[in-house]
Amino acid sequence: GFLVKVKKILESICVNCGKLKADIEDKSLQPDRRLITPAEVYTVFKKISDHDLHLLGLSEEYARPEWMILTVMPVPPPPVRPSIAVDGGTMRSEDDLTYKLGDIIKASANVRRCEQEGAPAHVIAEFEQLLQ
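Read in order, the letters of the sequence shown are residues 1 to 132 in the UniProt record's numbering.
These are computed hints drawn from the structure, not numbers from a lab. One or more of the hints may lead you astray.
BS3-like mimics (lysine-lysine), calculated; alpha carbons at most 25 Å apart, straight line [unchecked claim]:
| hint | residue 1 | residue 2 |
| --- | --- | --- |
| 1 | Lys19 | Lys5 |
| 2 | Lys47 | Lys21 |
| 3 | Lys8 | Lys21 |
| 4 | Lys19 | Lys8 |
| 5 | Lys7 | Lys21 |
| 6 | Lys100 | Lys46 |
| 7 | Lys7 | Lys19 |
| 8 | Lys46 | Lys19 |
| 9 | Lys47 | Lys8 |
| 10 | Lys5 | Lys46 |
| 11 | Lys21 | Lys46 |
| 12 | Lys46 | Lys7 |
| 13 | Lys47 | Lys7 |
| 14 | Lys5 | Lys21 |
| 15 | Lys8 | Lys46 |
| 16 | Lys19 | Lys47 |
If you anchor each label on the Cβ, the simulated ranges turn out as follows [said to hold, decoys possible]:
| hint | residue 1 | residue 2 | range |
| --- | --- | --- | --- |
| 17 | Lys47 | Gly1 | 24 to 32 Å |
| 18 | Lys8 | Pro76 | 30 to 38 Å |
| 19 | Lys8 | Pro78 | 36 to 44 Å |
| 20 | Ala121 | Leu97 | 29 to 37 Å |
| 21 | Lys7 | Ala121 | 34 to 42 Å |
| 22 | Cys17 | Pro82 | 15 to 23 Å |
| 23 | Leu53 | Leu97 | 14 to 22 Å |
| 24 | Lys7 | Lys46 | 12 to 20 Å |
C-beta atoms are modelled at their ideal positions from N, C-alpha and C, and glycine is treated no differently.
Modelling step: build the complete structure from the supplied sequences, incorporating the hints.
So, in structure tokens, the structure goes:
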């Protein structure tokens, strides 16, 4: 239900200017058939005016569409993360969350490095997919 509603909303908004194309329920509305990046989606969401949000049934104060896309990942500080007992409790080790955060940082660094080096788009897309 929710994803279908979001898809209908995205299909009814102009990618270039953020204005409503037509009625969301209009069957003659043909969505653009191309893959768009998360950055493009975020830009389109930011361009939606408060008036258009009201027409879509969303609150401009409590439910901005761009808030659905994480641009900064919240990370708990090390003292809050649990540690794990290793070898019968004599040694302490980092938890799975810490290892996963490390993987995310490495994948993000790989994306940045590939973009700077001008790597092919499919290589960058593979690293980006690891972050999804």
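Consistency of the hints with the structure:
1. For the proposed pair Lys19 and Lys5, the alpha carbon gap of about 17 Å is at most 25 Å, so the pair holds.
2. At most 25 Å may separate the alpha-carbon atoms for a hinted pair to count; Lys47 and Lys21 meet this at roughly 14 Å.
3. At most 25 Å may separate the alpha-carbon atoms for a hinted pair to count; Lys8 and Lys21 meet this at roughly 11 Å.
4. Restraint check: the Cα-Cα separation between Lys19 and Lys8 comes to about 14 Å, which is no more than 25 Å; the hinted pair holds.
5. Between Lys7 and Lys21, the direct Cα distance comes to roughly 14 Å. Compliance with the 25 Å bound is thereby established for this hinted pair.
6. The straight-line distance between the Cα atoms of Lys100 and Lys46 is roughly 30 Å, outside the 25 Å bound, and the hint therefore fails.
7. Distance restraint check for Lys7 and Lys19: the Cα-Cα separation of roughly 16 Å lies within the 25 Å cut-off, and the hinted pair is therefore satisfied.
8. For the proposed pair Lys46 and Lys19, the alpha carbon gap of about 11 Å is at most 25 Å, so the pair holds.
9. Our distance criterion of 25 Å between C-alpha atoms is met by Lys47 and Lys8, whose separation comes to about 17 Å.
10. For the hint linking Lys5 to Lys46, the alpha-carbon distance of about 18 Å falls within 25 Å, and the restraint holds.
11. For the given pair, Lys21 sits about 16 Å from Lys46 by alpha-carbon distance, which is consistent with the 25 Å threshold.
12. Under the criterion of a C-alpha separation no larger than 25 Å, the hint pairing Lys46 with Lys7 is consistent with the structure, at around 16 Å.
13. Restraint check for Lys47 and Lys7: the C-alpha separation of about 17 Å stays at or below 25 Å, so the hint holds.
14. Distance hint between Lys5 and Lys21 is fulfilled; the C-alpha atoms sit about 16 Å from each other, no more than 25 Å.
15. A hinted pair counts as satisfied when its Cα atoms are at most 25 Å apart, and Lys8 with Lys46 qualifies at roughly 17 Å.
16. Between Lys19 and Lys47, the direct Cα distance comes to roughly 8 Å. Compliance with the 25 Å bound is thereby established for this hinted pair.
17. At roughly 26 Å, the beta-carbon separation of Lys47 and Gly1 lies within the given 24 to 32 Å, and the hint holds.
18. Distance hint for Lys8 and Pro76: a CB-CB separation of about 35 Å, consistent with the stated range 30 to 38 Å.
19. For Lys8 and Pro78, the hinted distance range of 36 to 44 Å is satisfied, since their beta carbons lie about 42 Å from each other.
20. At about 32 Å, the beta-carbon gap between Ala121 and Leu97 stays in the expected band of 29 to 37 Å.
21. Taking 34 to 42 Å as the suggested C-beta distance range, the pair Lys7 and Ala121 does not conform, at roughly 24 Å.
22. Taken as a hint, the range 15 to 23 Å is violated for the pair Cys17 and Pro82, whose Cβ atoms sit roughly 48 Å apart.
23. The beta-carbon spacing between Leu53 and Leu97, approximately 35 Å, falls outside the hinted interval of 14 to 22 Å.
24. A beta carbon spacing of about 19 Å between Lys7 and Lys46 agrees with the range 12 to 20 Å that was offered as a hint.
The structure fails to meet hints 6, 21, 22, 23 from the earlier list, while all remaining hints are met.
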